Every structure is written in structure tokens, then in C-alpha cells.
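2 protein chains.
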Amino acid sequence: MSKGRVTVVDIAEAAGVSKSTVSLVLQGSPLVGEATRARVNAAMRDLGYVYNRGAANLRQSNAKSKIIGVVVNDLTNSFFAELAVGVDMVVQSAGFVQFLANTGESIDRQSEVIASMREHGVSGLIVSPARGTTAKDLKPLVSAGIPVVLVVRNVPGAKVSSLVSDNRAGTVAAVEHLVSLGHRRIAFIGGFADTVVFAERLEGYRAAMAAAGLEFSEDLVVPSAPSRAGGVEAIGRAMLLAEKPTGAVCFNDAAAFGVCDGLRARGLEPGRDFAVVGFDDVIEAQTAVPALTTIAVDPQGMGRRAAQLLLKQINADKADAEAITGAVRLVVRESCGAGQGIFGRKMA
Amino acid sequence: MSKGRVTVVDIAEAAGVSKSTVSLVLQGSPLVGEATRARVNAAMRDLGYVYNRGAANLRQSNAKSKIIGVVVNDLTNSFFAELAVGVDMVVQSAGFVQFLANTGESIDRQSEVIASMREHGVSGLIVSPARGTTAKDLKPLVSAGIPVVLVVRNVPGAKVSSLVSDNRAGTVAAVEHLVSLGHRRIAFIGGFADTVVFAERLEGYRAAMAAAGLEFSEDLVVPSAPSRAGGVEAIGRAMLLAEKPTGAVCFNDAAAFGVCDGLRARGLEPGRDFAVVGFDDVIEAQTAVPALTTIAVDPQGMGRRAAQLLLKQINADKADAEAITGAVRLVVRESCGAGQGIFGRKMA
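Those sequence lines, one after another, are chains A and B.
Under the UniProt record's numbering, the first residue of the first sequence is numbered 1, with each subsequent residue one higher.
Under the UniProt record's numbering, the first residue of the second sequence is numbered 1, with each subsequent residue one higher.
Don't take every hint at face value.
[As the list claims (entries may be wrong)] Here are the simulated lysine-lysine pairs, BS3-like style, with alpha carbons at most 30 Å apart:
#	chain 1	residue 1	chain 2	residue 2
1	A	K139	A	K159
2	B	K312	B	K159
3	A	K312	A	K136
4	A	K136	B	K19
5	B	K136	B	K159
6	A	K19	B	K139
7	A	K159	A	K136
8	B	K139	B	K159
9	B	K136	A	K19
10	A	K312	A	K159
11	A	K139	A	K312
12	A	K139	B	K19
For the record, the hints were derived by calculation from the structure and aren't laboratory data.
Everything numeric in this text was worked out from a predicted model, so none of it was measured.
So that you can see chain A by itself, here it is in the shape it has in the complex:
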């Protein structure tokens, strides 16, 4: 409960605006310009004002909360930390605070955190759904009219906006690149086989292998947890094959880093003895040794776009669901051996 000492009048005076402008800012109204909003927020901060949203929500049914909820399926993957940083960039300047919750791939936990965010009057949610999430799981949000943007993983049949990467185009580009470097035995490493993202990335891999006249072999598809440890384990299995791969398109960067670790543990240097391509382009991909060749998704950029899409829906009151597929691009660094030439050949 606020101590009630600092009032809206105090804030209006300090910020040099009217009382009703302060009220509009408190309600997150889009009618207030950015400079004014910043001045009012600064005055509230200086005066130590704490807005009692619980009371305000009951007093005034259309008062809007200033929270954006972000629900992710695996906080230990740095992709999601970067996505959250991107969301923060946009929502901060719009006067919102981001509350982040981790489901660790548990649908039960996902229901709990979403329910808790609803109780606390979240303005909208950005959700990277846990494995196995169905449209039914999201229905309560849709019924309640809460704006939702799904990121990374789409949920078939869910009537909410989504922002996913062009997964198929990404793995097509990765395979084409390895083929251009002379590889024929290319593995697809990592990822949970029961997700939509896996299916889309595998489809790109298969299509590009076929286009290059290379036979598809089930043996070369080695799923695993989409983590560093998963990548270590999966490359271990792949290297037991009678006909070993010479390169791998990995489900994500985390798995690709694990593949590099696993190769070194076998005395093979990634980028020299074996070609590795990741997917995501997390910050670490640039500074790793060898620097990771990968499909850039731009997690921060995805966070920013998701936040913009969500704010648009929040401010529009009722907006149609949009499905956006973000473009991806191949970023050639060192782990694929381009430039240095795998098998001792210098590629131009």
C-alpha cells in the first residue's frame, strides 16, 4: 500500500504538467508524447512515488497495467536472455516494465506463471511456448482478450500473433554453404525432434541436400537437447557412424558450441578438420574460437520486433493477429572452414 504522501498533484507540479497528464501517464495512455512521459516518470522517481495499481485497477476498470510479461522456455539458453534485452529496449521507452518468467519446458509451470501474470494485470505477453504447448493452452488468454505474441515457436491453431524465424530458409542456406565448400556427408545435429522448429529446420536441410543431389540418410539426423551438453553428446553419436560426416548443420548455436567441444575432445579441430554451422547468432558466436559460422536470427532484434508488435496490439485495443516470419541470413566466420579450406584445400 502506498504511504500516500506523494500525490498526483505533487508530481504534476514537479514535472510542469497538468494533473490529468500525470493520470494518463499512470494509465500508460498512448496519448502522451515520449518527452512528457519521460518527464513525468522522472518526477515520480525523484519524489519516490509508488503507484498502487491494485487499488487503481479496481477504481477504474480501464486503467492499464504497465507490465509486459515475457515467458520463455529455457532461460539457461543465452538466446532468451538476449531476446529479453531486446524486449526491454522497446518496452522501457514506452513506460512499461518487463517481468520475465522461465518455464524450463514445463507446460504446468507455464500455466502457473501465465495465470500469475494475468492476476497481476499484465498488459500483454510475449511467450516462447514450452514443448508440447497446444492452442488449448493459450485459449484462456485469447478469451480474456489479453494481447499475446508468440516468439520462436509457433503454436498451430492458436489465434494469436506470432514472430518466428524463417527456419527452412536458414538450414537451406547452411547446407548450400557446406556443399559449396565440398562437403557431401553433412549431418543435422541437435534439437528436440517433437517441435515445430525442428521440423522446419530439418525440412530445409532435406530440401537442400536433395537439391544438391545428395542422398538423405536418417543416420545423419541426430537430435539432442538444444544445449551445449546436448551438442557434445550428439556429435559423439554421429562420429560413431561407419561413414562419418565431415560437417554439420546444427539446430542452434548452443548445440554447435557443444559440437565444437565434442570434436576437440576427439582431437578434431572445428573449422579445420570438421565444418560446423550454428543457428541463432548469439553474441558469443562472434568471440568464440573458432568464431561460429551461423544463421543469424538476431535475438535482440526479434525481442524488439515482438515488443513493438505487442505494444501495437495493446494500444489498438482490438487488433487482428499477425503472423510474421523474420528473414535470416548466413554469417560466415571460421567454424565452417571457409577461407582456410577444410581437407587442406584453400577455398577462394
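Mind docking chain B on chain A? Use the hints.
Then chain B, alone, in the frame of chain A:
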């Protein structure tokens, strides 16, 4: 606003408990046993019950919110993701939901997210303070009687509980280990020089260097952002010295990974040509190549202990502040060269 269709009576029936037990669970009361709480939570989930906490807080002034707020200074450091996972383990089973917010080292943002969490009736906060946080910044929380546990970084003069690592003992152990392997030119790499943690870790480094009869040289202390990129940059500066170091005690694991990257970029292999010791023992330290020798802080364990300390305070209503210093231990892996013997010498 809850649709009001599912009632406390429905839940009590489904869970096979009394109405007042359901109420106690909704209030987060410590009087309800774990098994009963789980049964009631499961029933609420199955029935799709959404608790309208805003209304309940006004109806009943001592109703407790079910949120634990966790405020961290750098979400892109995986240390904090692991800490959050540890917090989740404990607070979930106590019937709380964790909301995480990132300040990115901004004190202004920290004030905003803490104020927002207060508005939403957070039961307590776990805070890894942004750089430059003072006791004054935390005073509003103390005055309002909100339980707070500071983690990682203590704030001098703040009258709240804290859980930090034994930073001094950690770097003492790291230096002693490198000295035992024959190193004399040992650098201290990474970290922001204006933090308490840096001062404590540097103090341990200085004390252990002195105890080993090694001269302290300002040149060998190379601060940087406590990140992978910071480590790359700092080792670059250290290797420009006329008398180059042969090993480094790093501020944290993130910087240590950067040091390994930077060494490789100069054609030096960490663990063979140069000894690297980290601090934290993040999950990646085990699977990295070479595996990182480091000071184990156990971030998940720290998250669990912080959550337990916080729950104790929440349930005690008024508890004295406790200051806990967690023990740390040296974990010898490969990056220090122990076992393989730096400089071609085989160490026992």
C-alpha cells in the same frame, strides 16, 4: 478480473480439503503442508482457477501475494540465469511464482522495476544490485517492511539480509594453486574496479601473492567488463606488457572464457601455454575445451539458499537481517595446466 465461475468451494471439493485450507494456500500460509499445497495447486490448475489477487489484497489486508521478485544486474551473464533456476526450485514448491527483471547495471532502471514489483504486491525480493547501488536506494524497501535478500554484491550499510561468496578466500585459493604449479607472473584479469566484489577478489589476490613472496604489480591488474568480450580485451592488454604473465586469475568465468578466446587468437593454447582460472563455476565451465579450472560458487545453490532465506523472512513477518558468506572451493580442471604441466613440466 476473474470470471468468477470456479470458486474456492469447487477447489476444496476437487482437492478433498476444507474451504479454509484452500484459503490458506491462496494466502501462501506456512501452516499448510507441502503435499496438501500441491494437491490444492493441482486442483486450481485443473479447474482453470485464476486468483484475483488485486481484489483479495484490498479485501483482506494481510493476504500475501505469491510473487517473489528477482532483480539482476546482467541477465546476459549465464550466472544469473542459473541463479534464477535455483530460486525457482525453492519458490515453486512453496507456492510462489518468480518474476525476474534485468537492470543491465542501471540504477534508474533498478528503481523502476523495484517500484513496479512493489505496486504488484511482491512478497519479497532477491536483488543482485546494479553497480553503484547505495543503502539509500534500498531504504524505501526497508521502510515498507518488504523482505529483501541481496545476493552476489553486498551494499554497505543496507539493513537487509545478504548472501555473498567468500570472494577473498576464492582468489587466495586460485593464486596458491597457480603458485604451486610454478607460476610467478600471475595477472588478475577482468571485473569492474568500482565494485565491492572486485575489491574483495583483488584483496585475496594481493594477499596470496604477498604470502608467496611475489611482488605486487599494478600492471598485472587489468580490469574490464566482467564478460567474455571484456576478457578478450583485457588479456590483449595484459599480453602487451614487457614482462608477460604466464597465468591469470580471472574475475569471473565469463571473463575467463574471453581470456581463453583471446589467447587462442594469439596462437596460445589455454592450459598448455598459459594458465587460466575462473570464478563462479557456471555450467559451461565443465564442458568447455579446455574445461575451466575455477572457483565454484554454485550459482543454482546460491539461488536456492537465497530463496530459503527470503521465505524464512516472509513467513516470520519480522526477522533480523542475516549476513551469510557462502564457502567457495577450487575446482581443478584443464585450463590451469595442472596434470599436463605448463612449460612442459609434468606436475604430480
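- Message: A:K312 and A:K136 were given as a pair; does the straight-line alpha-carbon distance stay at or below 30 Å?
- Response: 25 Å, holds
- Query: Does the alpha-carbon distance linking B:K312 and B:K159 stay inside the 30 Å limit?
  - Reply: The given pair, whose Cα atoms are some 16 Å apart, holds under the 30 Å limit.
- 30 Å limit on alpha-carbon distance, applied to hinted pair A:K19 and B:K139: With Cα atoms ~28 Å apart, A:K19 and B:K139 stay inside 30 Å; holds.
- Hinted pair B:K136 and B:K159, Cα distance within 30 Å: Holds - the C-alpha atoms of B:K159 and B:K136 are around 10 Å apart, at most 30 Å.
- Query: Would the pair A:K136 and B:K19 pass a check requiring their Cα atoms to be no farther apart than 30 Å?
  - Reply: 29 Å, holds
- Item | Hint consistency between A:K139 and A:K159 [alpha-carbon to alpha-carbon, up to 30 Å] | Holds, at roughly 8 Å.
- Pairwise hint evaluation, A:K159 against A:K312, where the allowed Cα distance is 30 Å at most: Within the cut-off at roughly 16 Å; holds.
- Verify the proposed pairing of B:K139 with B:K159, using a straight-line Cα cut of 30 Å. 8 Å, holds
- Task: Would you mind confirming whether the straight-line C-alpha gap from A:K139 to A:K312 stays at or under 30 Å?
- Result: 21 Å, holds
- Message: Check whether the Cα positions of A:K159 and A:K136 lie no farther apart than 30 Å.
- Response: 10 Å, holds
- Query: Given the proposed pairing of A:K139 with B:K19, does the C-alpha separation stay at or below 30 Å?
  - Reply: 28 Å, holds
- Message: B:K136 and A:K19 were given as a pair; does the straight-line alpha-carbon distance stay at or below 30 Å?
- Response: Roughly 29 Å separates the two Cα atoms, so the pair holds.
Hint violations for this structure: none, all hints satisfied.
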